[in-house]
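Novice: The task is simple: from the sequences and hints, build the whole structure.
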Amino acid sequence: MKILAYLRSLAAKFFRRSQVEDDIEEELRAHIQHHADDLERSGLSRTEAERQARIRLGGQLRFREECREALGGNFIETLVQDLRYGIRVLRKSRGFTIVSIFTLALAICANAVVFGVINSLLLRQLNVPHPESLYALEFAKNNSTTSLSYPDYLDLRDRNKTFDGLIAYNIDTVGLDTGGNPTRTWIEDVSGNYFDALEIQPYLGQFFHASDERGPNSIPSIVLTYAYWHTHFQDDRGAIGRVIQVNKHPFTIIGVTPPDFRGTIAFFNPEAYVPIVDQGEVYGSSSLDDRGNRSLQVVIGHLRPGITPAQATADLDSIGSYLETTYPKDHSQNGQMRFVLTSPALGGSDNAPFIAAFLSGLMLLAGLILLAACANLGSLFAARAADRSREIALRLALGGGRLRILRQLFTEAILISLIGGVVGLWGTIVLLNELSAWRPAPRYPLYVPVNPDARVYAIALLLALVSGLLFGAVPVRQILHTNPYEVIKSASTGKVNRRLSIRDWLLIGQIAICAVLITASLVAVRGLMRSLHGNFGFEPDNSIVADADLTMAGYSIDRVPEMQKRIVDAVAALPGVDAAGFSNELPLEFPNNAPVFKDNTPDLIPANVAATAEFFKVSPGYFQAAGTKLLLGRNFTSHDDKAAPRVAVVNQEFARKIFGTTANSINQYYKTEDGTRVQVVGIVEDGKYESLTEESKPAMFLPILQWPTAGAYLVVRSSSRDLQELATTVRNNLRGLDPSLPVVIQTRYKSMDAILLGPRMATISLGVLGLLGAMLAITGVFGMAAYSVSKRLKEFGIRMALGAQRKDLLSAALGRAFKLLAIGSGAGLVLGLLASSVLGSIVYQATPRDPLVLIGSVLAMSLLGLLATWIPARQALSVDPMTLLRDE
Amino acid sequence: MSGEAQLLPGTLDLLILKAVSLGPLHGYGILLRIGQISGQALLVEQGALYPALFRLVRQGLLKASWGTSENNRRAKYYELTASGKKRLQQETDGWNRLADAIASALSAKPEEV
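As you go down the protein sequences, you meet chains A and B in turn.
Sequential numbering of the first sequence, starting at 1, is according to the numbering used here.
Sequential numbering of the second sequence, starting at 889, is according to the numbering used here.
Hints are computed from structural coordinates only; laboratory data are not their basis.
Among these hints, one or two may not hold up.
[Claimed, not checked] Residues from chain A that face chain B, not an exhaustive set, calculated with beta carbons under 8 angstroms:
| # | residue |
| --- | --- |
| 1 | E27 |
| 2 | H31 |
| 3 | D37 |
| 4 | L39 |
| 5 | Q52 |
| 6 | R56 |
| 7 | P881 |
[To be verified] Facing chain B, from chain A, some residues (calculated, C-beta under 7 angstroms):
| # | residue |
| --- | --- |
| 8 | Q33 |
| 9 | G554 |
| 10 | I557 |
The model shown is predicted, which means the values in this text are computed figures rather than measured ones.
A virtual CB, placed ideally from N, CA and C, is assigned to each residue, including glycine.
Specialist: Printed below as a string of structure tokens:
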């Protein structure tokens, strides 16, 4: 009943608006008439009576407002009114509006983009059924993780009571020939239960199952991903059943995965799935029987319902100790097998904490940007409120409520913040989609899958709203303390306040934040420059890398050395080529490592391992081609072949670790895992092998002739030829030698894209934040300086007329701005230095205690100050006293 | 001030309901009626009357219709609705209880304590 009445009055108000107004009007008129009638009877004239009646009733405007309020639905109506007024005001001061919206849009965009990345990399689940119970198994020992061997995996799979099927897979490349042109393709070698355990249903055809595994090479089937099928078979359903060549071995296409399934690593999308039991056939050799060969890259599985990760690790650990006691030779170097469960999406625990730490750091910086933007807008709003003090005073004097005026100002703030938020969100969507489509490292199927979703939209708009409330709140005090009589009495607000006001503090804070950001981005850029031009132990300049895996062209291992020699000879003979050589792995391209033993070690058991060395199998010309300096001893020759004694070239760190000193390590012996005695014939410089940030690691180089390997990279050095053109020549040359060999050629720098991805992303994102910070500092200082100059133009005019020097005028106009800038920058620099440890963890070789960075930051801040005060300074100096004084 | 009693907050609605319950009235009439039934002791501020009337209409306690006054002028007449009557009853009871309680409290003498 009551609600009905309420709704009726609400409806009446909206749909019969003018009628309601008329009603109120007429009712009040009737009241006055009746009252006047009474007064007339007491002897007053009609006019006087009506006048008295009107006075008794009081201010009709306020009154009508109250009546309307009493009718309900007032909130919406006031809002509409405020919005209308707000839009009118904002359109009148277009510059202010555009600057505020733009500032806010940038800040919102920065935050939403960072959040979008966090959202998709850390918060979003994998696109598989029940992602919450999917865990990756890692085998940790002394804080470093190692992989599992296939036999160990089988034991874990069959003996555990806590997982619904454990999956194992390796990521690898093969030459995939769908008819005609064999191309290098990224595949996953997966255990037979892969699709069943992940509960993935085929889009087309069928998948292989655990029951199909009947020993090595028992499943001649391949499953394509939707994307691969789409691009290579043009959605041809007839592709099922066709036979294609995997490294020259026939495999039947049995199925296609659904379009939204992209494997279990968020940023890596394989193109096809081959059963892991076919390893021997596909790659020419198999490690599936070797319990000591820990080469399984990924082991994942769904926990059984109701099982906690702790229960699962306990279960796995007990199997681990069983394996250790049963196969002591293959296990336990220094301590027990311990299992760790991690999220599978980021490809293991090596990456996850780093990515999480970096992204949280970035989010923090982005948050600072937003705060700086709010401070910026807050001082703009405060300045505007001061400018509008006469308007506000008038409204107060005419009976406007302070709350009503505040509400109006808040409506303006939120209007701006929402428009800024929408613009920022639009930018976010564009950026995130660009980022998702980006292929950071062309040789690897890496993605940054960060498409925005509802969560990102919500955060962006929420941030916009909160910042609107934040900067809208800055002038509140000012308004609540406005005394209308004072304001209207004293027309001008030209007096200078010596004390630091709220606005000044806001500006100082904002500048400090910006200085931190600028310092951070300079530190990052310096760090990247250093890591790009640091000492890698090889020279990336002037060299190209040809990835020529002879397995992909079906070479058997005994034919490999001869073919590799033909290739090296042919390429080295090309004009302008200084050197060419093969290596089975490249430094900074995910090389292998292996345990080594001192020569006098009798038992080659894990406990006696002297060092774990990165190892490379290289051809004689490799060191010259790679630009790795030989410090002592000799290089390999073509006589270091299978018939000759086993030899090695090691790096300085290896020599130090195994032999004590580099000098007397020449001609010494050490032992490899299988007991082979190897003589050291040369020492090369240390380098970076797995990552740019690593400490020196021991490394050994073995002659590829003594350890034949089909999958190898050809490194070609030329100081005189254009590398692109050289790449084409080399490609044609290789094609001439064997047309069926898929070759990928890149400059050495380009091939390092994947390893440099992290530092690059860090630098780009910090750089962008630094730029944003700089822009905010400029607008902030500019706003403040321009405002104070405009307020004091009259004073300057008088001073000028009285003969003031330009210098004095400038210091009066801008001294304050510069003082604030100096305080803010100083605080920011100190904060930036304090944040050094945070930055150091993000960016390689980043140290803010770098004179160049310090000078750079100071220079940048002063430059910003100059830029921001240029226009206001010009304005102050160009004052024409006559015009100004006439104006009043 | 001596002859007039201060209007307690919240009592205006009650007075309006009471005034209207004695017969349909227009706004000015309500003012007069309140003055009359309170022996001119309670004076309602004119500005406060209409917002209160609109509020009571919105709450469904009063209903309004246009009519012609004794002065032969068009005026908006208010009368009680069913729930208005109920509310008046409740409020009156509540008020009486309060008044009795306050009166007995104020008339307490030391020997009764």
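Novice: Now tell me, hint by hint, if it's right for this structure.
Specialist: Now the hints, each set against the structure:
1. Nearest Cβ of chain B to the Cβ of E27/A: about 5 angstroms, under the 8 angstroms cut. The hint holds.
2. Look at H31/A: its Cβ gets to within about 5 angstroms of chain B, closer than 8 angstroms, so that hint holds up.
3. Taking 8 angstroms as the C-beta contact cut-off toward chain B, the hint placing D37/A at the interface holds, the least distance being around 5 angstroms.
4. Given the 8 angstroms rule on beta carbons, the hint for L39/A is violated: about 11 angstroms separates it from the nearest Cβ of chain B.
5. Taking 8 angstroms as the C-beta cut-off, the interface hint given for Q52/A is violated, the closest approach to chain B being about 12 angstroms.
6. At about 5 angstroms, the closest approach between the beta carbon of R56/A and any beta carbon in chain B falls short of 8 angstroms, and the interface hint on this residue holds.
7. The beta carbon of P881/A is not positioned within 8 angstroms of any beta carbon in chain B (closest approach about 53 angstroms), and the interface hint is therefore violated.
8. Satisfaction of the interface hint for Q33/A is found here, the shortest Cβ-Cβ separation to chain B being roughly 5 angstroms, below the 7 angstroms cut-off.
9. Checking G554/A against chain B: minimum C-beta separation of about 89 angstroms lies over 7 angstroms; hint violated.
10. Interface hint status for I557/A: violated, as the beta-carbon distance to the closest one in chain B is roughly 93 angstroms, over 7 angstroms.
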